[in-house]
Amino acid sequence: MLKVSITKELNQFQLHSHFEVKHGITGIIGPSGCGKSVTLQCIAGLVTPDSGEIIVNEKPFFHAEKKLNIKTKNRNIGYVFQHYALFPHLTIWQNIAYGLKGISKHKKHKKIAAMLKKVQLTGYEKHYPNQLSGGQQQRVALARTLVTEPDILLLDEPFSALDHHVKHLLEEELLQIIKEHFTGVVLLVTHNMEEAYRLCDQLLLYHNGQVVQSGTKDEVFKHPKNISAATIIGCKNIILFDSLSQLDSGFSCTIAGTSLHVKEQPISGHTKAIGIHAENIQFVEKDPQQVNTFSYKVQEVVSGIHDSDVTIQAGGIIIKATIPNKQRPAVLTEKLLVRIPAEDLFLLDD
Amino acid sequence: MLKVSITKELNQFQLHSHFEVKHGITGIIGPSGCGKSVTLQCIAGLVTPDSGEIIVNEKPFFHAEKKLNIKTKNRNIGYVFQHYALFPHLTIWQNIAYGLKGISKHKKHKKIAAMLKKVQLTGYEKHYPNQLSGGQQQRVALARTLVTEPDILLLDEPFSALDHHVKHLLEEELLQIIKEHFTGVVLLVTHNMEEAYRLCDQLLLYHNGQVVQSGTKDEVFKHPKNISAATIIGCKNIILFDSLSQLDSGFSCTIAGTSLHVKEQPISGHTKAIGIHAENIQFVEKDPQQVNTFSYKVQEVVSGIHDSDVTIQAGGIIIKATIPNKQRPAVLTEKLLVRIPAEDLFLLDD
Amino acid sequence: QVEQEPQKELLVAAASDLTLAFTEVGALFEEETGVPITFSFGSTGQLADQIENGAPFDVFAAANIDFIDRLKEAELLFPDTQTTYAFGRIGVATLPNSTTSVETLDDLLNPEIKKIAIANPDHAPYGLAAKEALETAGIWDQVEEKLVYGRNISDTLSYIETGNAEAGIIALSLYQEGEVDFELIDADLHEPLEQSIAVINRTNEEELARMFIEFITGPIGKPIMESYGFIVPEETE
Amino acid sequence: MADINLFPLFLSLRVAVTATLLAIVIGIPLAYLLGKSNGKIADFFDSVLTLPIVLPPTVLGYYLLVLLGRQSAVGQFLENQFDMTIVFTPTGATIAALVVSIPFLIKSARSAFAGIDPSLIKAARVLGRSELSIFFSIYLPLAWRGIAAGITLAFARALGDFGATLMVAGSIPNETMTMPIAIYDALLAGNRELANILVLIMTSVSIIVLYILNRLEKKATESR
Amino acid sequence: MADINLFPLFLSLRVAVTATLLAIVIGIPLAYLLGKSNGKIADFFDSVLTLPIVLPPTVLGYYLLVLLGRQSAVGQFLENQFDMTIVFTPTGATIAALVVSIPFLIKSARSAFAGIDPSLIKAARVLGRSELSIFFSIYLPLAWRGIAAGITLAFARALGDFGATLMVAGSIPNETMTMPIAIYDALLAGNRELANILVLIMTSVSIIVLYILNRLEKKATESR
Ligand SMILES: Nc1ncnc2c1ncn2[C@@H]1O[C@H](COP(=O)(O)OP(=O)(O)OP(=O)(O)O)[C@@H](O)[C@H]1O
Ligand SMILES: Nc1ncnc2c1ncn2[C@@H]1O[C@H](COP(=O)(O)OP(=O)(O)OP(=O)(O)O)[C@@H](O)[C@H]1O
Ligand code: MOO
Ligand SMILES: [Mg+2]
Ligand SMILES: [Mg+2]
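Just so you know, the protein sequences line up as chains A, B, C, D and E, in that order.
Using this note's numbering, the letters of the first sequence map in sequence onto residues 1 to 350.
Using this note's numbering, the letters of the second sequence map in sequence onto residues 351 to 700.
Using this note's numbering, the letters of the third sequence map in sequence onto residues 701 to 937.
Using this note's numbering, the letters of the fourth sequence map in sequence onto residues 938 to 1161.
Using this note's numbering, the letters of the fifth sequence map in sequence onto residues 1162 to 1385.
Any given hint might turn out to be false.
As the list claims (entries may be wrong) - Here are the computed lysine-lysine pairs in the DSBU-like style, where the Cα-Cα straight-line distance is at most 30 Å: (1) 670/B to 222/A; (2) 676/B to 297/A; (3) 676/B to 335/A; (4) 320/A to 517/B; (5) 101/A to 3/A.
To be verified - Some residues of chain D that are not near chain E, with every Cβ distance over 12 Å (derived): (6) 942; (7) 959; (8) 962; (9) 967; (10) 1013; (11) 1018; (12) 1019; (13) 1027; (14) 1067; (15) 1069; (16) 1073; (17) 1110; (18) 1112.
These are calculated hints, taken from the structure and not from any lab test.
The beta-carbon is built from N, C-alpha and C at its ideal position, and this holds for glycine as well.
Please take these sequences and the hints and turn them into a complete structure.
Okay, structure coming up:
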């Protein structure tokens, strides 16, 4: 269990971070410069918060009023830095060995060799960090931390420099290690939504130094609470509506004259927009019975490897849809109807 | 036009890089440690190749035999380093201004201010690099290079630390700048396939210090030439076959007793495997007429946000399919048939 | 502003044992002639080296006649100005109120006296004299163990004053009452410490320089020199 | 007390400041050039440059005197052509101070240059800057801490030099007598009190100057 | 030529090596502690530590003589308790050499420590190492270049010290007469030839030692 409730000012930047997470992997997602790394540094004791407290498994790490501040080295934390911070004067082997202590030489040797194998760097023991490629360096940083079996694991974009093949291997490795040895909290900063979804149990969405939403990954991805949250998780359709009215089974909202039906959801006074993931937009054969089904005009097509993003106009609504490339020709004829599933629409606060 | 034909030895690592690319954006993709950064450094004149030549727009930059080696500063190259290499003692403004010379103060000011706005760092002019977050630093590195309007642009994972929102903005910015000002060669190293596909015209696939395939992005993604190339572009299904026989309209290959029909393709003596993108696997209602259609058993399911990866066994073949989450329940009943489209199958050399 | 003639000035290089005496004599000389006089005190050997390399001194007062001879050979002096202006005297110095009083050289053998400071006999004339005296007294071999060498006579005094050497042999000219107890050594025990002075032939102030040499041995200089423990020879001419 | 001559103090400061400035102008480029080459020749040259520290100042002064004196080729040339003498002038004192102090600056600067992250130099080259401009815009500021330490050491050494200055410049009161010589003279004359006062003045002034140098170094590297 | 006494050379080397080792043991931790604090007090203290450079060695030697001499509290204590004297012994020479040389090491090391990337220290802390262990495993090796330069300077200064050593240790032939003193003596005795030969020996040995130090420094930082 990790409870963070701190504030910290850095130049013009203000961090007001309040959250509580249970053991398992928690993803931290948020735009560049929103305070993710600073939060991790506070938890590790490398940056001292201005006020508040940090508690890990009942044990307070930091308490501003009680002037309590456990030393970093006693926090038993594993931290993979965004910039790796490898020791330039130590070989890869020595870098990985650096945090290992109190175990026999033989055991140490075995652990490091095993870890090197896991990060696919066997043979590079005697190299120095500056003789490695960017991705190799990142793997050393990961290995150096994982080998120490810490109580809390703070991972600051640990896979950003890796090709997807190695990344997948290491993700699995990470999950394996966590499953086998690790009962504590893992915080994982990432910009990759798929990665977050694959690896994490819970998610924290950060924006401008504040947690804008937290919850299980499905909760967060299916129902982002507000516009910021929806933007952060990469929702491509965030549409401010003109009016919202309650129906029997949900709501109806009007956008530039077009009405959309939205399934039941909690609603606050701040609700301002609706959102839907581009992947959930469907194209169907003519069938005028269905709700939220419209004819459309295609405005723009951006192709990806397997999917394409199609921007269409349906009534007064402009919306993006992600469709498999195979479906693209059919969609481009504009002879289909677009269906905006009411159950996939979410209401967003300001 | 950029022609590279060099060799370089670094410790045990051997680079043998031979390629030629035209203007436009060329993506370099390859596993961690395969020599991408070293190649860029050779082009920039920061690492001297052991042999070979580098020619840009008819102008030789390097020629080992002629002992020709143009100085870096005279190559007019833009290089965004994987580790940014920002000047720690200069403010953000000064960092970006560093490469600008020979223009009036007023013009300089305008250019930098415009660039800061583009990378969304207005207000950070007076900060020093160590006061910025990882992603902000990366944007400064990008801005510092783009502002100089170089002849060749070498981008070493320039978006790796950015959230997808900012990344998209900068990708568009990059495309815009290139469209407007830039007629030269852009080399973009990336580990993100979607990014490569979105941004690049051509692709170079690297493996173990060698170019294993080059071509337009569609060519490369649709028809990777060999097993390495298929692995690099993230093809999840690479299956060694037992035998291959020529048919009227293509080939038939046998894997553990199951025969698959493959559409016409050039074939060499080294052809060893077939491959297919997981996204191209289809699930269809019962219809025993179609070729390459089988019943299957589900072995494993890994869910993503919108898609799931399903591993199935169809006859003797084990294959991964990526399907929309909506389709998952139907697939999991195992009442559908799997179709492995012959036109999407490619033959792979060793 | 009106005066075109450059300000007259006399620059005298003098051995460091002359520091006290010459400072006093110099003041009187200034009073008498109205010409400012500047002294540069230092080790004789060092000053000689400097003169050889063009130091702008007018007069050189050495503690050791050998160096004057050397400069004479190099034709840097007016030979006729060479004058022996004093003979140095040495004595045994001990700290006042020390338990071990030293009256004769033999007292230096007292085991209570652990260290004896003398100037370096290799290049300091007073050190050489001290060595000769100890040799003549026949105790050199016994005291050699206890000797420490100062760079010059003033360093030697420092060793005694700071109590690091129980005794030492210093120049009479450096002896200041109250600071140390002092017992003169018989002048017969060592070669005379002939101190020579001469005018350097590069001088622009030959007249004045000659005057200064005369002044030292003259009626005003002589008593002062004597008061600092120099034996001033009678005019021989 | 009232009649303590402060000329030596001001002379010393002037000499030390001039020597330090010269050391900066000569020493830093030299250190940079030495740093460019990693070879044995550079290391040998470096060792030779360290020599002035190893020789007793007086002896060093003697050789300088012989080299630059009015009998020497250099001395005669200067005297005949420009009517200039080096020895026994404040210029001589400055040169002596320069020679004894410059090795400290060179050594410190060389090691500071060597500590610079090479990727920053690469970045500067890619951005099209000339080596000279890189020297001023990257090398100097990034090595500043080490260079500043070297400057401080060189300045202190120049300020405190006694043996070499004495030999080359003589100890001519109100002309070439620097503070260390004045202190030594006072000691020589048995004037302990004066010596103590002069030492006190010297140390106070030095502490103030060194402290200011220290703070300046901080200032320049503060924001990083 | 055959009868040149090499004792001063060996004594000088012994004294310089011992003093340098002591300077390392005392100076590096001191520099580290000074570096920990960025405050004005540390800067003031730093300035005070630089003082031995500013004072003429002879004068410094005089004060050491007073401070450690046989009449002083320290001297008497040592003499009564351990029958040990500092002055006029090689120990005294070593202490004098230590005092004149240690400021160079402290200053160089402090600036080298200050140049270390703080994120590496953070990484080491996160990996659970104690400050002491971080000092040895990170600070020392990463500051090695600057420290090595400081060691070289300190060693050279210790080897070349004349004034302070002479004052504290006297120049007792075959006991405390170091090479610089021997050279000085030869020079003052007008024995130019001997002086030249001694200087030649001194410079050759110094160049060799300094060159080796230089190469060792390279060796240790080669692979990065
Ligand atoms: N040492 C510092 N001094 C001043 N401001 C700082 C400092 N470190 C970080 N900041 C500011 O704090 C904010 C948050 O930084 P942080 O590194 O936590 O961002 P982040 O969420 O990790 O972003 P990224 O995804 O780009 O790494 C940024 O706006 C940054 O400019
Ligand atoms: N200075 C060096 N000395 C020795 N070997 C080096 C050096 N630099 C790189 N290498 C080796 O060269 C190989 C290629 O490195 P390079 O940096 O080009 O990889 P990369 O393709 O950019 O990988 P990544 O995607 O991880 O950045 C690596 O195996 C690396 O270990
Ligand atoms: O070592 Mo000196 O000659 O007293 O400056
Ligand atoms: Mg960050
Ligand atoms: Mg790379």
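Comparing the hints with the structure gives:
1. 670/B to 222/A: Holds. Residue 670/B to residue 222/A sits at ~25 Å (cutoff 30 Å).
2. 676/B to 297/A: 25 Å, holds
3. 676/B to 335/A: 23 Å, holds
4. 320/A to 517/B: 18 Å, holds
5. 101/A to 3/A: Holds - the C-alpha atoms of residue 3/A and residue 101/A are around 28 Å apart, at most 30 Å.
6. 942: 17 Å, holds
7. 959: Check passes; 18 Å lies beyond 12 Å.
8. 962: Nearest chain E Cβ is 21 Å from residue 962/D, so the label holds.
9. 967: 15 Å, holds
10. 1013: For residue 1013/D, whose nearest Cβ neighbour in chain E is about 21 Å away, the distance exceeds 12 Å, so it holds.
11. 1018: 29 Å, holds
12. 1019: 30 Å, holds
13. 1027: Non-interface label on residue 1027/D holds, nearest chain E Cβ at 18 Å vs cutoff 12 Å.
14. 1067: 26 Å, holds
15. 1069: Holds, because the least Cβ-Cβ distance between residue 1069/D and chain E comes to about 24 Å, which exceeds 12 Å.
16. 1073: 19 Å, holds
17. 1110: The assertion about residue 1110/D holds, with a minimum of 17 Å to chain E.
18. 1112: 18 Å, holds
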